[in-house]
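Q: Below are the chains, spelled out letter by letter.
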Amino acid sequence: MSGRQIKFLISGALIIVALVAWFAFVTGGASTASAAYDISLKEFRAKHDHGDDVRVRGKVEEGSIVQRAGSAEVTFSLIDAGETLPVRYSTRDHGPIPDTFVDGANAIVTGSLDDSGVFQAHTLQAKCPSKYEGAQDKAASR
Amino acid sequence: MVGFGTTCLLLATLAAVWAAVSSFLGGAVRSTGFAISGRRAVYAAGLLFTIAIGTLEYLILTNDFSVEYVFQNSHITQPLFFKIGALWGGQAGSLLFWAWILSIYAVVLVFWNRHRHKELMPFVTGVLMTTLVFFGIVLSIVTPPFRPGIAHADGMGMNPLLQNYWMVIHPPCLYLGYVGFAVPFAFGVAAMITRRTGEVWIRTTRRWTIFAWFFLGIGILLGAYWAYIELGWGGYWAWDPVETASFMPWLVGTAFLHSVLVQEQKRMLKVWNLVLVILTYSLAIFGTFLTRSGILQSVHAFAGTGLGPYFAVYLGIALFGSLGLLIWRLPDLRSEHRLDSLLSRESAFLLNNLLLVGITGAVFFLTVFPIPSELWTGKGITMGPPIYNRVTLPWFLALIFLTGIGPLVAWRKASPGSLRRMFLAPTVATAAVTLALFAAGAREFYALAFYASAVFVFGSIVSEFARGAAARMRTKGEGPAAAFGRLVWRSKRRYGGYVVHLGVVFAVIGIAGSSAYKKDATFEDIRPGAVMTLDGYTLKYERIETVEGTAYARVTQYLRLSRAGRDLGPMVVEKRIYKDVKNPTTEVAIFPFLRPASLAEVRRIGEDVYLTPISMDPESGIASFTVHVLPFVNWLWLGGLVVILGTGIAILPDRSEKRLMAASRAVEERAVA
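Chains as they are written, first to last, in the numbering used here: chain A, 1 to 142; chain B, 1 to 673.
Check before you lean on any hint, since a few could be wrong.
Which residues of chain A face chain B? A few of them, derived with a C-beta cut under 7 Å, are [what the hints assert, rightly or not]:
#, residue
1, T91
2, V102
3, G117
These aren't lab readings, by the way, just hints derived from the structure by calculation. Where is the CB? At the ideal position from N, CA and C, for every residue including glycine.
Using the sequences and the hints given, assemble the complete structure.
A: Printed below as a string of structure tokens:
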């Protein structure tokens with residue numbers, strides 16, 4: 001191999017090493033605000049992740065959504081496989097309450113359980129209306 | 001009708017099969033008979049796909065709800081525009097739409113080249129038709145658009161969130177882009193098969209590449225714009241898998257678009273260009289697959305429907321097949337020149353490739369991270385926007401600066417003299433403006449850095465236009481306007497490209513400003529008559545009203561925006577409850593600030609005041625709101641418009657094209673002989 005080729009190979013390798021190191025450095029400090037795994041409510045209850053910032057998915061219990069007119073927050077119950085979780089979410093400093101957030105919607109909340117057993121959420125997502133649905137029985141929603 | 005549609009689709013797929021087989025045969029044994037038969041089959045496939053898609057649209061427009069697809073995507077009172085859009089609003093329809101666009105592209109390409117590129121075309125046709133066969137199979141077996149259901153009286157209708165002008169235009173644009181990249185890909189594969197690895201395949205696909213890149217980019221921008229005006233969170237990009245799925249092919253496509261210039265001029269980067277076109281097309285297919293397979297849980301997750309394996313197989317064949325071909329043909333892809341200096345335009349293009357591919361690689365890894373992390377640790381970790389930003393921002397910054405450097409640095413080796421001559425003015429301008437901004441209080445590092453890069457690129461573009469026009473004025477005695485006009489006209493590709501870069505400059509200013517300096521506030525227990533203030537703006541809540549309409553009931557709130565005592569205009573927000581649909585829809589109010597009343601307000605030109613209603617009591621009117629101020633955000637959309645203008649210029653034919661193409665052909669014939 002000529003001197004030129006060796007030079008190119010070495011600089012290429014150095015660039016790649018630098019990129020990988022940079023990447024590892026940046027993603028290493030991930031918190032749930034920036035990266036999170038979501039677990040089902042059932043798993044969450046089983047694990048008792050008190051105080052940890054966690055992403056929990058479940059279903060919005062019918063009739064549980066309470067939002068006082070004039071308030072920027074909402075409370076509801078998340079249910080999954082027999083488990084229930086009271087959740088409180090405020091839009092202050094966080095995103096709006098999505099339009100898809102209705103009774104029975106699949107929801108994902110990120111936050112932690114406070115001492116009174118209420119899940120204080122700092123993100124709230126509800127399943128986006130899917131353009132590409134599988135064979136679902138939509139008749140139930142009418 | 002259902003049987004008719006299904007039969008058409010089946011026949012169309014069979015036509016594509018024959019087209020692929022006979023074209024490949026024709027190319028392999030050099031038989032014009034087979035090649036011609038293949039061409040005819042392409043026309044047949046195009047016709048049949050057109051009839052098939054026409055049938056589906058007909059079924060939608062005539063409210064035939066006994067067809068599953070029509071039932072799920074339309075209803076009797078759906079406005080006509082959205083009934084038309086329902087054609088690509090659901091899974092099966094959108095796949096049929098994709099396939100139809102491909103079949104039409106193939107017809108156009110085959111017709112246009114019926115007397116040209118006789119060696120390449122059979123293989124090009126073969127590759128395109130193989131893709132069409134794949135889509136035809138999926139449409140016949142996995143997601144048939146003409147599946148009959150119960151004879152419903154009315155349909156469920158397209159989701160109201162999607163019944164928006166931009167959301168209807170967005171998929172066609174994306175598909176024109178995704179599918180468009182199949183053409184340079186097919187030519188690249190054909191070039192490798194026939195060992196015609198010169199510049200012919202690149203020159204002949206130039207317009208297709210620009211066309212595809214352009215529509216993919218516009219599609220992405222439209223998606224962002226829709227998110228901004230419809231989703232109500234005051235943002236336009238969340239690094240969601242659906243977004244990155246389309247962004248990745250665009251990034252690599254941008255690299256390809258630029259890198260081919262080097263091969264045309266210097267016959268270098270041949271391997272790079274093939275790798276880039278293969279990656280671009282593979283990512284386009286991957287992007288199509290990612291949003292339909294259910295493989296990634298996101299807020300935009302779409303249910304899995306068994307499409308996954310088919311796409312995976314096709315993607316595997318396309319990607320690994322073409323890469324294998326590339327490795328086999330490496331001896332034919334040696335560069336004819338070497339890189340003389342790191343300080344050269346060749347080097348800048350190479351760096352451009354590296355940066356774009358690097359960013360794409362990082363984004364790809366972050367996007368699919370949940371999959372390996374689930375397998376590895378049992379937890380599917382999803383990466384959020386802060387990580388994407390932290391990882392990619394430095395490289396994007398370098399890329400923007402490179403946009404200003406590339407056009408100014410000389411080919412082969414930039415001498416100190418040329419560097420000084422070309423870079424002095426833009427660099428001085430950049431330093432001056434940056435210092436001024438810093439002095440004015442701008443301290444956010446990335447905002448300042450991106451503003452600096454924007455000024456630098458702007459200076460670079462202006463200097464290029466000025467230099468070119470001045471030269472014409474000097475040598476041809478033309479006046480400034482004529483010199484400028486003829487300059488652009490004589491070299492539409494280059495100067496059109498510079499206009500595109502200018503659009504990018506505006507977009508960078510828009511993104512930097514609206515990200516770094518965004519202001520938010522939440523207001524609770526606001527009664528009619530009350531006033532909210534943010535960043536010098538005043539919003540007065542006037543009244544609330546409830547109206548029962550035919551398609552939906554609405555609760556509308558009327559507010560009035562003013563600044564420093566000066567009335568600016570109304571802001572009206574609404575919550576709509578549609579009949580037949582569970583979810584309400586919220587309509588936000590966006591006010592673009594365009595008329596400053598004082599010098600201090602000039603920096604606010606193009607910023608948006610963005611109002612989202614949270615909750616309200618229709619009787620008492622008590623409500624809560626979120627207000628955002630997004631500085632410079634409209635520069636982003638303006639940038640998009642300028643990119644459209646620039647692309648329009650760049651895509652027009654240049655006089656020198658025919659001559660250069662003939663020269664490349666001659667070189668190639670000698671090489672293959």
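Q: The structure should be examined with respect to each hint, and the outcome stated for every one.
A: For each hint, the structure was consulted:
The interface hint given for A/T91 holds, since its Cβ lies 6 Å from the closest Cβ of chain B, which is under the 7 Å cut-off. Among the interface hints, the one on A/V102 holds; its C-beta lies about 5 Å from the nearest C-beta in chain B, closer than the 7 Å criterion. The beta carbon of A/G117 comes no nearer than 24 Å to any beta carbon in chain B, farther than 7 Å, and the hint placing it at the interface is violated.
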